[in-house]
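Peer 1: Chains as they are written, first to last, in my numbering: chain H, 1 to 335; chain E, 1 to 335; chain F, 1 to 335; chain X, 1 to 335.
Hints should not be assumed to be uniformly reliable.
One copy or two, it doesn't matter: identical chains are merged, so the pair holds either way.
Stated by the list, open to error - Below, computed lysine-lysine pairings styled on DSS-like, alpha-carbon distance capped at 27 Å:
#1 Lys-73 <-> Lys-189
#2 Lys-241 <-> Lys-73
#3 Lys-241 <-> Lys-6
#4 Lys-330 <-> Lys-6
#5 Lys-73 <-> Lys-330
#6 Lys-330 <-> Lys-189
#7 Lys-189 <-> Lys-241
#8 Lys-189 <-> Lys-6
Note that these hints are calculated values from the structure, not bench results. Quick caveat, the model's predicted, so the values are computed rather than measured.
4 protein chains.
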Amino acid sequence: MNTIGKILALTTFGESHGPAMGGVLDGVPAGMDIDLASLQRFVDRRRTGQTIGASSRNEGDVVEILSGIWQGKTLGTPIGFVVRNHDARSADYEHLAHCYRPNHADYSWQTKYAIRDHRGGGRASARETVARVVAGGIAIQLLERVGISITATVAQVGNCHDAGQMQRVIADAVAQGDTLGGIISCVVKGVPAGLGEPVFGKLHAQLAAAMMSIPSVHGFDYGDGFDMAARRGSEVMDRWKRRGDGTIGTVTNHSGGIQGGISNGEDIVMRVAFKPVPTLMRDLPAIDCQGNDVTLHPRGRHDACVLPRAVPVVEAMAALVILDNYLIKKTNVLL
Amino acid sequence: MNTIGKILALTTFGESHGPAMGGVLDGVPAGMDIDLASLQRFVDRRRTGQTIGASSRNEGDVVEILSGIWQGKTLGTPIGFVVRNHDARSADYEHLAHCYRPNHADYSWQTKYAIRDHRGGGRASARETVARVVAGGIAIQLLERVGISITATVAQVGNCHDAGQMQRVIADAVAQGDTLGGIISCVVKGVPAGLGEPVFGKLHAQLAAAMMSIPSVHGFDYGDGFDMAARRGSEVMDRWKRRGDGTIGTVTNHSGGIQGGISNGEDIVMRVAFKPVPTLMRDLPAIDCQGNDVTLHPRGRHDACVLPRAVPVVEAMAALVILDNYLIKKTNVLL
Amino acid sequence: MNTIGKILALTTFGESHGPAMGGVLDGVPAGMDIDLASLQRFVDRRRTGQTIGASSRNEGDVVEILSGIWQGKTLGTPIGFVVRNHDARSADYEHLAHCYRPNHADYSWQTKYAIRDHRGGGRASARETVARVVAGGIAIQLLERVGISITATVAQVGNCHDAGQMQRVIADAVAQGDTLGGIISCVVKGVPAGLGEPVFGKLHAQLAAAMMSIPSVHGFDYGDGFDMAARRGSEVMDRWKRRGDGTIGTVTNHSGGIQGGISNGEDIVMRVAFKPVPTLMRDLPAIDCQGNDVTLHPRGRHDACVLPRAVPVVEAMAALVILDNYLIKKTNVLL
Amino acid sequence: MNTIGKILALTTFGESHGPAMGGVLDGVPAGMDIDLASLQRFVDRRRTGQTIGASSRNEGDVVEILSGIWQGKTLGTPIGFVVRNHDARSADYEHLAHCYRPNHADYSWQTKYAIRDHRGGGRASARETVARVVAGGIAIQLLERVGISITATVAQVGNCHDAGQMQRVIADAVAQGDTLGGIISCVVKGVPAGLGEPVFGKLHAQLAAAMMSIPSVHGFDYGDGFDMAARRGSEVMDRWKRRGDGTIGTVTNHSGGIQGGISNGEDIVMRVAFKPVPTLMRDLPAIDCQGNDVTLHPRGRHDACVLPRAVPVVEAMAALVILDNYLIKKTNVLL
């Protein structure tokens with residue numbers, strides 16, 4: 001349940017204010033060079049404290065590899081890793097032990113397990129994404145070897161689509177104690193045709209599951225996505241063309257690089273929609289476990305907009321899915 | 001790869017013009033009454049030939065249960081079933097053996113397997129959804145026993161949101177040899193709080209994967225979905241309330257019944273976006289396997305808009321996911 | 001739960017006296033020739049009525065392929081198949097509806113599901129192995145293409161190790177209304193070094209699970225197996241040698257072709273121990289569901305010794321495991 | 001591939017001379033008390049240096065829990081844990097980098113991954129079992145809550161079956177620079193009837209896979225096991241009886257507590273056969289990667305007989321399988 005992937009399988013663990021976050025990345029092909037400094041830089045991209053409106057919690061987030069990589073190369077064995085939780089001010093969350101905040105996982109989690117580590121959101125905290133980024137960062141390095149690259153960007157913050165204005169829009173929300181959602185778009189280049197499974201394992205279905213599993217995500221589409229719904233077939237037809245090198249491609253890419261659930265060699269294009277952060281920096285109406293209304297005065301550290309920090313998380317999840325399917329593809333033929 | 005679900009697991013098989021479609025639904029709890037006549041009626045809802053713009057292929061689609069149900073009750077053993085393919089005019093598709101149609105899976109499939117049953121789309125045909133509907137229909141009957149109901153509706157066809165106008169809009173498209181996409185919305189009522197897994201198995205991530213695996217689907221969201229991206233946190237806050245019976249609920253439902261990936265007891269609300277059918281009833285620009293342009297004159301039977309027929313498919317996929325998570329929930333506690 | 005295998009995954013269904021047995025074999029590489037006549041002959045090898053002491057039930061067991069094979073070649077899609085149950089005399093089993101026979105699954109099954117198809121053992125019948133043989137027969141044909149062959153033989157019946165005497169030993173048991181167990185040994189030749197997963201997926205652990213899942217099996221070992229326990233390290237050391245072609249092998253094969261859970265290129269050698277058939281052809285002491293002693297007078301058709309019929313079942317299970325690992329091996333490297 | 005279990009799933013990682021061994025135990029029911037001191041004592045039982053003939057490597061093996069347990073209770077979230085490798089004298093293994101030792105995983109591993117951490121056997125070392133013992137120790141504590149207990153014992157060392165003589169027999173082998181195998185028997189008491197899955201997931205098939213995955217294991221059987229093969233049906237019949245409390249049981253237990261793959265409420269009894277340790281303390285004939293014969297003079301630390309240390313490993317694996325099936329059983333019914 002805390003595992004994703006079939007051949008390349010990531011299992012993660014960790015509560016926000018426990019000793020550490022971590023994971024096991026199994027199924028990584030053997031003998032591949034891993035640049036650990038580069039991996040650390042990738043992980044640093046999701047760190048907080050770097051942009052306006054981001055949480056002031058600053059973990060350092062040093063990746064410690066415990067297995068599976070030796071002398072800079074993958075062994076084919078599972079890569080175990082941890083990232084310690086150093087800067088956890090649990091006392092800031094004491095008042096939440098018996099409260100359910102709006103739009104948080106407090107209540108649903110309590111009904112599921114009848115127990116809950118309320119400190120910093122426990123396992124429901126977006127801090128769990130650090131393990132995704134470590135694993136995804138490894139996957140990205142392998143994909144580079146086969147000419148596949150992944151780039152996510154913030155396409156929308158609130159209702160602002162202009163990248164130059166986004167920091168200002170976030171600052172405005174912060175000033176009002178409010179928060180923002182947005183959209184991250186992601187493009188995967190260099191994916192060979194033929195990845196993905198035809199029915200339940202359609203490549204876009206796997207990508208959807210991966211992206212929707214990121215905290216705060218409320219929507220996913222690929223290619224022309226939701227806009228497809230309002231278009232006629234004649235308007236979104238991706239005509240074929242023969243490229244100079246004799247291979248086949250399409251003139252347009254309404255299909256987003258996937259047809260019938262299988263990559264067609266064009267860029268894979270998708271969008272991931274995030275809800276606004278639920279913790280406002282103003283009095284919050286909550287309810288306690290007896291059903292009494294209570295008002296919270298949020299302390300702790302919270303992002304006003306998670307989009308900038310979520311960019312490497314989206315890239316990481318894309319990388320895990322694409323590499324897994326790259327490996328599965330090898331099993332489609334016997335000889 | 002042709003299996004979905006963890007405890008309740010559906011495996012399907014079948015090519016559009018092969019002898020039969022079918023599946024195995026494993027993990028169904030024992031001792032439950034199944035009304036086979038009602039199941040057949042549910043399956044009949046996805047049959048063609050019932051609405052304007054729908055394919056004229058008419059299979060009958062008689063469900064034959066081969067195991068797992070005896071004397072009207074589930075045995076706890078896997079339910080094997082088949083639906084025969086009677087009305088397959090394979091000759092209609094002969095000319096497609098060496099062609100790649102636009103926006104179809106022909107090319108991507110060929111690159112994956114280097115072999116392909118081109119007749120009627122083979123396994124890439126939406127005919128595979130008949131197996132989903134059989135299995136989902138069984139799941140729906142079990143969910144009814146625990147007070148859970150699922151209703152999908154066509155919310156949009158092309159850019160028409162008015163249900164009373166949809167048949168006319170489809171008729172217009174048919175008249176022009178064109179096709180339409182649309183949006184199906186789905187509501188699940190009566191889901192107890194506590195279903196779903198916190199990280200990779202978030203309930204909405206599982207629903208996304210299930211819905212995105214339906215042929216032609218290009219987008220998924222839940223609650224306020226993509227609209228969430230443009231809203232501020234203060235605008236989408238679902239305030240808690242204590243209900244008359246002492247239980248806790250929310251005043252609004254921007255969250256769509258799921259918080260932190262776990263159901264919160266409110267209605268689960270989601271949308272599924274479909275692309276327009278790729279086969280227009282006009283000359284189609286295709287390419288052959290040598291890269292030469294060819295023009296196709298579509299024959300065979302094709303829907304101009306799959307939305308009406310996809311409604312029970314969406315319900316079926318929702319039912320499979322919800323029932324699976326209902327069963328998994330039982331394992332969260334030992335005693 | 002009714003599925004085995006990771007990439008090559010077999011899911012089966014069917015009760016002994018239901019309409020049909022069947023299965024879905026997913027993950028079969030595409031484009032491979034399948035000789036259906038040869039497959040049918042392989043399936044016929046497990047049919048009853050061919051040897052002394054075997055059940056007189058004779059099904060014909062005609063394999064009907066429903067998908068995944070077209071024009072004699074695999075498509076890469078799941079192979080669905082059924083074998084109809086024609087000759088089921090359910091009335092013979094009426095008296096067993098409320099009885100628990102000794103050494104049968106009646107009682108344990110009833111406690112698990114609180115419902116049970118008692119006719120012919122329901123899903124607990126060894127008739128379920130027909131689906132294994134269909135799937136395994138397909139796997140065997142693929143393994144032949146890569147030079148891997150599998151041969152199982154009856155090594156022991158009761159305490160008779162002499163193949164020439166086995167028919168007589170079985171006849172003696174039949175004459176006394178008694179039954180016999182035995183041992184089947186299995187050799188897999190031509191397996192390349194490097195198959196199997198190091199820790200929980202050791203090749204012999206997978207083989208053990210596969211063999212122990214065959215009805216009536218009570219033990220499994222490989223190489224020198226249980227005899228290893230009594231030997232000293234110096235006695236079972238497989239010395240390395242360089243073969244004429246420069247490759248490396250071992251002089252002896254106490255290790256049974258597997259070291260550290262991974263094949264080493266030598267023959268894989270294993271043994272599978274079967275208990276005697278529980279249904280004797282004499283009065284049987286049973287108990288009813290109220291706990292009252294009852295005496296059964298077995299009718300129906302039962303083997304006195306299943307070993308001869310189980311030979312292709314053992315071969316089938318070995319083939320499924322080896323082919324699955326052959327495919328997984330492809331994912332150990334990226335390039 | 002480094003994961004075992006369906007609902008209760010253990011994933012492990014770690015190389016013998018890497019920074020740490022560890023694992024993630026997912027699916028543990030929430031709200032259960034865990035006694036960490038007791039868990040550490042259980043883990044200490046597999047430590048070396050405690051008996052004659054055991055390796056002198058002494059790690060301390062301090063279990064560090066990183067997640068999933070808070071204030072002494074399970075949270076329902078994955079339990080991440082590590083055990084550091086402190087006392088690894090890698091230089092002792094330098095000479096093995098390009099050698100394949102007899103009966104070790106060196107060669108098969110090299111053919112699989114084309115890279116290998118040769119130090120102390122890398123991931124092929126029995127040191128990986130420390131992660132199994134941590135996870136199994138947690139499972140044992142939960143099983144105690146539902147009245148299930150597990151006891152493994154050394155039943156045979158070499159050809160000695162007398163527990164009082166075993167230390168002497170091992171000492172003799174050590175004196176001769178030789179090694180011994182043996183048999184561990186394991187009894188699980190208090191298992192309710194109804195655990196296990198009927199076909200591929202038979203309880204004994206799962207136990208076999210779990211036990212055969214322990215390093216050095218070459219055989220598994222349950223109940224009368226391999227002896228069943230030589231017996232007649234009339235000799236191994238477990239007659240039913242009604243117990244004083246009205247429940248049903250058997251007079252004898254040739255079936256080993258499992259019938260048709262499902263527990264019947266009697267003690268589950270099984271045997272696990274270990275090969276002798278391959279590293280003798282005398283000159284060893286090996287081969288280098290060019291195929292030249294080389295003679296090794298074993299250094300490093302090696303057990304002469306692993307049986308005493310393997311006892312908690314067998315108990316741990318039994319506990320993981322039984323608890324997993326205990327949880328799965330909950331899903332057999334809907335209400």
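Peer 1: Would you mind marking each hint as holding or not holding in the structure?
Peer 2: Hints versus structure:
no., hint, verdict
1, Lys-73 <-> Lys-189, "within (25 Å within a copy, 33 Å between copies)"
2, Lys-241 <-> Lys-73, "neither (41 Å within a copy, 30 Å between copies)"
3, Lys-241 <-> Lys-6, "neither (34 Å within a copy, 38 Å between copies)"
4, Lys-330 <-> Lys-6, "both (13 Å within a copy, 14 Å between copies)"
5, Lys-73 <-> Lys-330, "both (22 Å within a copy, 19 Å between copies)"
6, Lys-330 <-> Lys-189, "both (20 Å within a copy, 24 Å between copies)"
7, Lys-189 <-> Lys-241, "within (18 Å within a copy, 48 Å between copies)"
8, Lys-189 <-> Lys-6, "within (22 Å within a copy, 29 Å between copies)"
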